[in-house]
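Take a look at the letters that make up each chain.
Number of protein chains: 2
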Amino acid sequence: MTKNLPYLLLDIPKCEQNIAFMALKAAKAKVLLRPHFKTHQSKAVGELFRKHGITQITVSSVPMAEYFADAGWNDITIAFPLVPQMAQRINSLAKSIALNVTFSSPQNLMASIDSIDERVGVFIEVDVGHGRSGVPADNTRELALMVNLIGSKSNLVFKGFLTHAGHSYSARDREEVEKLHTSSLSQLAKLRSFWIDQYPNIVISYGDTPTCSISDEFWGVSEIRPGNFVFYDVMQNQIGSCNLSQVALALICPVVDVLAGKQKVILHAGAVHLSKERVDIDGIGCYGLVSRFEGSTWSEPIANAMVTSLSQEHGVVTYSGNVLDDLKPGDLLALLPVHSCLAVDCMGQMFDSQGNVYDVLPKSIR
Amino acid sequence: MTKNLPYLLLDIPKCEQNIAFMALKAAKAKVLLRPHFKTHQSKAVGELFRKHGITQITVSSVPMAEYFADAGWNDITIAFPLVPQMAQRINSLAKSIALNVTFSSPQNLMASIDSIDERVGVFIEVDVGHGRSGVPADNTRELALMVNLIGSKSNLVFKGFLTHAGHSYSARDREEVEKLHTSSLSQLAKLRSFWIDQYPNIVISYGDTPTCSISDEFWGVSEIRPGNFVFYDVMQNQIGSCNLSQVALALICPVVDVLAGKQKVILHAGAVHLSKERVDIDGIGCYGLVSRFEGSTWSEPIANAMVTSLSQEHGVVTYSGNVLDDLKPGDLLALLPVHSCLAVDCMGQMFDSQGNVYDVLPKSIR
Numbered sequence: 006m007t008k009n010l011p012y013l014l015l016d017i018p019k020c021e022q023n024i025a026f027m028a029l030k031a032a033k034a035k036v037l038l039r040p041h042f043k044t045h046q047s048k049a050v051g052e053l054f055r056k057h058g059i060t061q062i063t064v065s066s067v068p069m070a071e072y073f074a075d076a077g078w079n080d081i082t083i084a085f086p087l088v089p090q091m092a093q094r095i096n097s098l099a100k101s102i103a104l105n106v107t108f109s110s111p112q113n114l115m116a117s118i119d120s121i122d123e124r125v126g127v128f129i130e131v132d133v134g135h136g137r138s139g140v141p142a143d144n145t146r147e148l149a150l151m152v153n154l155i156g157s158k159s160n161l162v163f164k165g166f167l168t169h170a171g172h173s174y175s176a177r178d179r180e181e182v183e184k185l186h187t188s189s190l191s192q193l194a195k196l197r198s199f200w201i202d203q204y205p206n207i208v209i210s211y212g213d214t215p216t217c218s219i220s221d222e223f224w225g226v227s228e229i230r231p232g233n234f235v236f237y238d239v240m241q242n243q244i245g246s247c248n249l250s251q252v253a254l255a256l257i258c259p260v261v262d263v264l265a266g267k268q269k270v271i272l273h274a275g276a277v278h279l280s281k282e283r284v285d286i287d288g289i290g291c292y293g294l295v296s297r298f299e300g301s302t303w304s305e306p307i308a309n310a311m312v313t314s315l316s317q318e319h320g321v322v323t324y325s326g327n328v329l330d331d332l333k334p335g336d337l338l339a340l341l342p343v344h345s346c347l348a349v350d351c352m353g354q355m356f357d358s359q360g361n362v363y364d365v366l367p368k369s370i371r
Numbered sequence: 006m007t008k009n010l011p012y013l014l015l016d017i018p019k020c021e022q023n024i025a026f027m028a029l030k031a032a033k034a035k036v037l038l039r040p041h042f043k044t045h046q047s048k049a050v051g052e053l054f055r056k057h058g059i060t061q062i063t064v065s066s067v068p069m070a071e072y073f074a075d076a077g078w079n080d081i082t083i084a085f086p087l088v089p090q091m092a093q094r095i096n097s098l099a100k101s102i103a104l105n106v107t108f109s110s111p112q113n114l115m116a117s118i119d120s121i122d123e124r125v126g127v128f129i130e131v132d133v134g135h136g137r138s139g140v141p142a143d144n145t146r147e148l149a150l151m152v153n154l155i156g157s158k159s160n161l162v163f164k165g166f167l168t169h170a171g172h173s174y175s176a177r178d179r180e181e182v183e184k185l186h187t188s189s190l191s192q193l194a195k196l197r198s199f200w201i202d203q204y205p206n207i208v209i210s211y212g213d214t215p216t217c218s219i220s221d222e223f224w225g226v227s228e229i230r231p232g233n234f235v236f237y238d239v240m241q242n243q244i245g246s247c248n249l250s251q252v253a254l255a256l257i258c259p260v261v262d263v264l265a266g267k268q269k270v271i272l273h274a275g276a277v278h279l280s281k282e283r284v285d286i287d288g289i290g291c292y293g294l295v296s297r298f299e300g301s302t303w304s305e306p307i308a309n310a311m312v313t314s315l316s317q318e319h320g321v322v323t324y325s326g327n328v329l330d331d332l333k334p335g336d337l338l339a340l341l342p343v344h345s346c347l348a349v350d351c352m353g354q355m356f357d358s359q360g361n362v363y364d365v366l367p368k369s370i371r
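For the record, the sequence lines run as chains A and B.
With this note's numbering applied, the first sequence corresponds to residues 6 to 371, in that order.
With this note's numbering applied, the second sequence corresponds to residues 6 to 371, in that order.
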């Protein structure tokens with residue numbers, strides 16, 4: 006496997022520290038860690054989790070579930086509402102593994118319920134404030150309707166309620182994350198109290214990287230499903246989920262040109278490598294932070310430098326002072342991505358410092 | 006080849022009309038059409054161009070040049086400044102095809118010049134106002150330095166000057182595009198006049214989809230290199246380059262849920278499918294327009310509906326009135342992407358209405 010430029014470099018010790026950190030937190034809080042594998046989409050990265058005792062995982066699509074089942078993962082939750090077109094593939098996959106699916110409303114459930122013949126676990130998605138999908142956690146009538154529908158089919162096993170507190174991604178400090186986390190836990194605890202007598206094994210499935218990174222408290226929750234934490238990124242750093250030293254993935258890219266007079270560096274690193282995900286830092290749109298490449302890893306990000314513009318293959322770094330004046334064409338930089346999940350999806354593979362390749366679910370089978 | 010959902014659907018007759026339109030325009034203006042293949046990155050789409058007489062192409066990376074050379078394209082310009090790491094691959098490729106490379110500054114040129122041993126054509130990138138890379142078109146001293154350096158190596162053939170008027174993408178109407186186009190042509194004409202005596206065959210290579218779509222006038226230009234026009238997209242429509250009926254590519258995706266009370270539709274169509282490219286329409290961030298899927302093609306976009314939010318796998322359509330109240334989970338919609346180049350890069354393959362697959366340069370060999 007030859008590495009083209011640019012390529013994604015993994016810092017495996019950092020990945021493992023990130024996994025160990027979250028596994029320890031889950032153990033202390035007595036919740037199951039069922040990590041979301043959509044961040045890395047990679048069988049090889051999955052093996053790092055296995056080393057840390059993980060046996061149950063989360064994915065976001067049916068092809069992703071098939072891909073990881075093929076690598077021996079036999080307890081998988083698809084935390085994305087099912088569409089009826091996928092029902093037959095759910096039936097096939099459920100023959101060989103413990104599979105949980107998710108429904109987000111009575112309509113979404115009814116569209117597929119009659120096409121599922123195999124034994125599958127079923128989660129109902131509830132909305133605790135994100136406002137994207139799921140039944141509002143206090144809408145007892147709709148939830149009861151769904152629970153009863155699920156109960157009417159003997160092959161469907163009602164597992165419990167699942168939520169993604171995705172509004173944590175809009176938070177811009179730890180305090181804000183803590184506040185919405187407390188509100189989420191409180192809504193979930195009410196839900197659990199309401200149903201626990203009828204379903205003593207009910208699962209409350211929760212978690213996104215910001216809340217799971219920042220809080221140690223998960224009262225009433227059965228399992229957490231963060232994903233991004235294995236790599237972290239600039240967005241998570243901005244939210245307060247991680248230090249920049251915990252970011253475990255960087256895009257290694259060559260300098261094309263240095264425009265010292267304009268305090269700009271042109272890179273071969275574009276939207277097809279980093280994605281166009283952006284965060285505002287000090288009022289400026291940032292597509293990535295800039296580190297020196299150090300062979301097997303990278304330096305702390307350089308202060309007063311960031312990627313401020315991306316086109317398909319070009320990236321432009323803007324800097325102040327003379328911090329990058331020494332660069333010349335062909336020098337390699339390491340960019341910390343704004344959103345590591347999307348950078349991985351863009352690149353399709355990653356490499357560790359020994360040059361081993363970490364493949365990603367191929368686009369052609371998604 | 007099974008089509009997963011979502012998938013990219015090509016309207017081949019529209020692609021061919023778009024190609025024919027630009028080929029005719031180039032013929033009338035007596036300029037060579039050397040289309041940029043970074044938009045589709047697909048050997049199969051390339052064959053559509055061959056049907057319309059295209060024999061010379063543009064690409065944005067060395068792997069992309071190798072990929073198209075493998076499909077029989079034997080006259081290729083890499084319109085991205087070379088980095089020294091690619092020099093040996095340039096030497097290999099130049100053994101079998103007519104290959105042109107681009108340098109963006111004396112420093113960029115000097116970093117690679119001694120590593121190139123094969124006969125290659127060389128373009129100097131000039132900046133006519135985009136402000137990304139290239140030597141300002143009026144910097145005669147730097148341009149002369151580069152021309153002389155190129156002339157000092159007997160295997161390097163100075164071809165001429167190349168520019169990308171990428172600031173046309175910031176234009177928001179045809180008049181603004183026309184204005185910067187005229188300014189670009191004027192700068193290029195001066196450059197041509199200055200060098201034509203010494204280099205009677207000098208090539209002035211120009212072109213981006215907005216200017217090439219909107220103008221019919223290319224005085225002083227030898228060749229145009231638009232790429233996006235084969236598919237067009239919502240961004241081009243906003244600039245004024247095309248009608249929405251010319252957009253030749255759409256993402257076919259299933260409805261997950263309809264929140265009629267909130268006038269929202271949840272789709273399985275996320276940032277990994279459409280990219281996070283966004284345009285502002287009436288002050289609202291738009292990630293795609295929404296059409297009805299009609300089996301082999303799609304309807305005109307539905308007024309008062311657009312994709313207003315994207316996460317990794319979810320898309321949210323916001324609409325007004327009751328225009329989408331009739332949808333139900335599992336229904337298919339066709340989304341017109343904001344930026345077709347990035348949607349193609351995200352998806353990795355396309356399909357025509359007969360179900361034939363149009364593969365894209367694999368991520369693993371880029």
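There may be inaccurate statements among the hints.
What the hints assert, rightly or not - Partial list, computed: chain B residues near chain A (C-beta under 8 Å):
id, residue
1, Ser-65
2, Val-88
3, Gly-134
4, Arg-137
5, Ser-316
6, His-319
7, Val-321
8, Thr-323
9, Ser-325
10, Gly-335
11, Cys-346
Keep in mind the hints are simulated off the structure, nothing from the lab.
Being a predicted model, the structure only gives us computed values, none of them experimental.
Positions of the beta carbon are idealized from the N, C-alpha and C atoms, including for glycine.
What are the numbers of the hints that this structure violates, sorted from low to high?
-> Hints 3, 8, 9 are the ones this structure does not satisfy, whereas the remaining hints hold.
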